[in-house]
Amino acid sequence: MMAVVEVHDLRKRYRRGDTEVTALDGLDLTLEAGAFVAIVGPSGCGKSTLLHLCGAMDRPTAGEVRLDGRSLATLDDDELTRLRRERIGFVFQFFNLLPTLTVAENVALPLLLAGSDPAEATARAGEWAERVGISHRLDHAPSQLSGGEAQRVAIARAVVHKPALLIADEPTGNLDSENGARILELLQEVNRRSRAALLLATHDAAVAAAADRTVEMRDGRILRVESRVAAVASVTRPAFASAGSAP
Amino acid sequence: MTAGRPRSPAPAGLFRSFVIRNLRQQPLRSVATIASLAVGVAVVVAIQLANASSVRGFSTALDALAGRTSLELTVPGVGLDETRLTDLGWLRAYGLVSPVIDADVLLEVPAAGEAPALEAVRLLGVDILRDRPFRDYPLVEGDAPRLVTTQGFLDLLTDPRSIILTRQFAARHGLSVGDRVGLVAGERTVALRVTGILGDEGPASALDGSFALMDIAAAQWAVDRLGRVDRVDVRLADGIDVARAEQEIASRVPAGITVRRPSSRGAEVERMLRAFQFNLTALSLIALIVGLFLVYNTVSVSVITRRTEIGLLRTLGVTRRVVVGLFLGEAGALALLGCALGAPLGWLLAHGAVRLTSSTVSQFWIVSAATVPPLEPRMVGLAFAVGLPLALVAAAAPALEAARLTPLTAVRGDEDLDARARWPRRSSAGAVVLFGSGAWLAAQGPVGGLPVFGMLAALAVVLGAGLAMPAVLFAVRRWCGPAMARWLRVEGRLAHANLGSAIPRLSISVAALAVSLAMMAAIAIMVGSFRETVVYWIGQTLQADLFVSTARGSPAAERGGISAATEAVIAGHPAVEALDGFMGMDVSYRGSTITVGAGRFATRLERGGLQFKDPADGTAAMASAIGSDRVVVSEAFSLKYEAGAGDEIQLPTPAGPTPFEVAAVYFDYSSDRGLVVMDAGTFERHFGPERPSGLTVYLASGADPETVRDELNAALGPERRLFITTNAALRATVLRIFDATFAITYALEVIAIGVSLFGMAATLLTLVLERRREVAMLRLVGADSRQLRRLIVIEAGVLGAVTQAVGLVVGLALSLILIYVINVQSFGWTIQFHLPVGFLAQATVAIVVAAALAGLYPARLAARFDLGDVGVAQG
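Same order as they appear, the protein sequences are chains X and W. Counted from 1, the first sequence has number 102 at position 102 by my numbering; the numbering is strictly sequential. Counted from 1, the second sequence has number 831 at position 831 by my numbering; the numbering is strictly sequential.
Simulated from the structure, these hints should not be mistaken for laboratory data. Model, not experiment: these values are computed from the prediction. One should not assume that every hint holds.
[What the hints assert, rightly or not] Have a look at the derived ranges for each label pair, beta carbon to beta carbon:
(1) W:L861 <-> X:P118: 25 to 31 Å
(2) W:P344 <-> X:E86: 55 to 61 Å
(3) X:R70 <-> W:R786: 20 to 26 Å
(4) X:D18 <-> W:R786: 54 to 60 Å
(5) X:T19 <-> W:T319: 45 to 51 Å
(6) X:R59 <-> W:W487: 33 to 39 Å
(7) X:D78 <-> W:W487: 23 to 29 Å
Where is the CB? At the ideal position from N, CA and C, for every residue including glycine.
Given only the sequences and the hints, what does the whole structure look like? Please build it.
Rendered as structure tokens:
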């Protein structure tokens, strides 16, 4: 199967005052289309840094990230921006919707920024809003939504442009368990249907257990990789299904 | 971080870490606020300095020239016949008496290899034997005093061609005793010899040394006032009460002689200048309002962006009172710097402003000595006294808002921006009330000759515009969304969304800019209308082909001047069809000074040229004034003294107060002091024979004015100092003077707009910094740097356009108040409304482009935000 993301000997160091902090220290990882990889580990282990580098948000100190076979190191800032706009979707713990835009506008934003026809973008946003179950909130402002609803809008925005890679940083971290379970189920469904690779960082063991592969990190390195066969998924899904049938 | 861990709980320590450090961290915003305050304060100081210098120059000069004079006797207009002096012998019972000639003349100083320099001086002609007890004339030789007896002094002046100048004047022109100068009076130039130099005391200390002394007889001859004196000065003997003596002498002098104290002339001038200075002061205060808007804005933005920090301070035990103190302290710190810069800046601006005021002052006194005094502690004090309290008032509302924040604010964090901005009901209602008040105030009459209500109406409109701004932005946001999204694509859609959420933050800085622009528009409309009116007026009035005057660019020697021989030469030219002469003189009228003039009504009626306001058939009314005691008066006179056609006015004449009937009121824009014009025959009957100071010459059709001018110049010869101007040249000169007079007004406006634009750029920057996370989010989901730049530049451009639109509407309202209320009440001028469309269109394009450019720096900054900001923060 073709690799969407290939990470090779990835290193990232920051300066904080007089000291140098190693966030990533020689990391290798590959994500194929449709893969669901969960990154786990304590705070400060480098999870978010890995996500930022894979999401073309930051540049490594050494090593390489390849997306769709292209090395990110060769791209300038505007090319990285275009790559994010066309190939990557993001979901964050705190939703990060634009407060001044309506739900529909938030969802359509990546398409509009890519220059799509506004009518077509709005129609696609409507379709995705329907699929994530927030179509009744299209004209609302983000401040009028519950946490679960806001995260569904964020997911719709992350996938509306059909990305190859979906990056989710603690997507359930700011939600109660019921809403968390629904969001995880929604992400899995998107991952399964769109075949977008899902790279998800979490502290929640139950969320991590839903992934095909769990990468445990500590001090900027991979401590352990645990793979599950497809059959595992059939064991975990009913557990979440019991928390609520609708995503 | 400073708020989270304040190093000292003491307010002083907190002030340093919480306020001063923050001001340093926001250099652009701090500098914009300080600069705007400095400009506001500077304008106020400049206008005060300019006003003070003109009046002070005048009062000082009057004091110095009056010396120890207790009372002065004058005759309206043409002076006192010398033969009547003998009838006043009884005056000696009251003290000493000294007749004087007091005239404004031009001195011509030869310059090697160049055209001779001309400078206006105040000439006093005295009988030195009588005058020495009145005034000090300290002669000097180099830096040392030159001691001379009274007889010695008399010897210096016995030669009718001798003149004594001041040390300052001599130094300016490199003159010394024995040198020759020319005295220009009317069309004649009299050659004189410098026989002495006066030190800087007495009259010589006034007017920057533009003073000259001659013997009274020589002066009478030089200025063509043989047989007349301008004044008789009286120095009362010790122990005589001035008020009582004034009353007694007034009751004994023959009709037509006025008795008054020298200081009353100063009071008269101050009264005349009052409206002019009041307007300038009010305008300067409006400039200050722009600065205060920005102080309010800075402190508001500071409070809005630091809500969490304020909450933390409250959590850590800082009281509400200290929070208020901190933000008032912020305004105070900004104001201190603004005032400290504003005072010297005002002093610099005053030099320009003095040019403006002195052109008006010189209508009253040719040598006004309106120089800017050095920057005294009193003026620096004024800068602080005006700027500091007003800045604190401006900061009070946001400071109190800060004090209302609770410790919970810190825990909850800043609230999300709301995409659904609500209609700002309270501020809209306030705006409606203020606009209504403005309309009511504009309909009220003047207070003591000052347009106090008119100014308050302008202030109400300005403040109303500030309050209306949130509603305007709300309306723009509501109705312009689809258009922005359609024409400006996704960036337009985003800019539109941001505009809505930022209304509370933007309103004040946008209002500040709008007020600046409104003032510019108002002044442009007012000046444009005034100019158009003047152009039309001179088109109607200046019908003659040539204008002959005795002194170019100077009102000196208004009385008399053009001899009968000269007039005969001009009238004898074959191309000259008709001549009209004009003379004018200052006359004291109801505590103020007016000009009483005379012209040849028959010629004027035949040739046309006056525009009448009242009655409808002004020409017939003017014709009825020939040979009768009827006069035509200017609009300014009519409005100021409430005298319309058919009314009777009492003018002082040498024979005492004499009634005249107002035949007609005509439009005049040459002076705001009031003109009363009578036919030359009537004038002579009441005031005695007088030569005109100017002639208007009508040529036969087909004659070339420039050729005739050259031929007349040749026929008159160089010894006659006359200036002959063609109609076209005079019109150009009038407009040049008009434009120069208003140049400084524009300069001040451009400064105010520049500062406001700077303030808006600072606000945009603050907004971008405040939206750091959103901007990073936009970049994350695919907005490239070009799109970000477009977004912020569109926001800035839209704000500029909205601001200019509001500025134009408010400016129109202000201009109507200026034209129809303030101008009429202050100066008595009816100005025809005219919209300078071209100028306003250019200004609009310039402002929108400038505002859009103001967004470039924040846009560049936004493109550099760290994308990692997105994931970590709460939102």
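Taking the hints in turn, this is what the structure says about them:
1. Checked against the hint of 25 to 31 Å, the C-beta distance between W:L861 and X:P118 comes to roughly 29 Å, which is consistent with it.
2. Checked against the hint of 55 to 61 Å, the pair W:P344 and X:E86 passes, with Cβ atoms roughly 58 Å apart.
3. Under the hint 20 to 26 Å, the C-beta atoms of X:R70 and W:R786, about 22 Å apart, fit the expected range.
4. Distance hint check: the CB atoms of X:D18 and W:R786 are about 38 Å apart, inconsistent with the given range 54 to 60 Å.
5. Between X:T19 and W:T319, the C-beta spacing of about 39 Å breaks the proposed range 45 to 51 Å.
6. Distance hint check: the CB atoms of X:R59 and W:W487 are about 37 Å apart, consistent with the given range 33 to 39 Å.
7. In this structure the hint that X:D78 and W:W487 lie 23 to 29 Å apart at CB holds, the actual value being about 24 Å.
Figure legend: structure checked against the earlier numbered hints; hints not met, in rising order: 4, 5.
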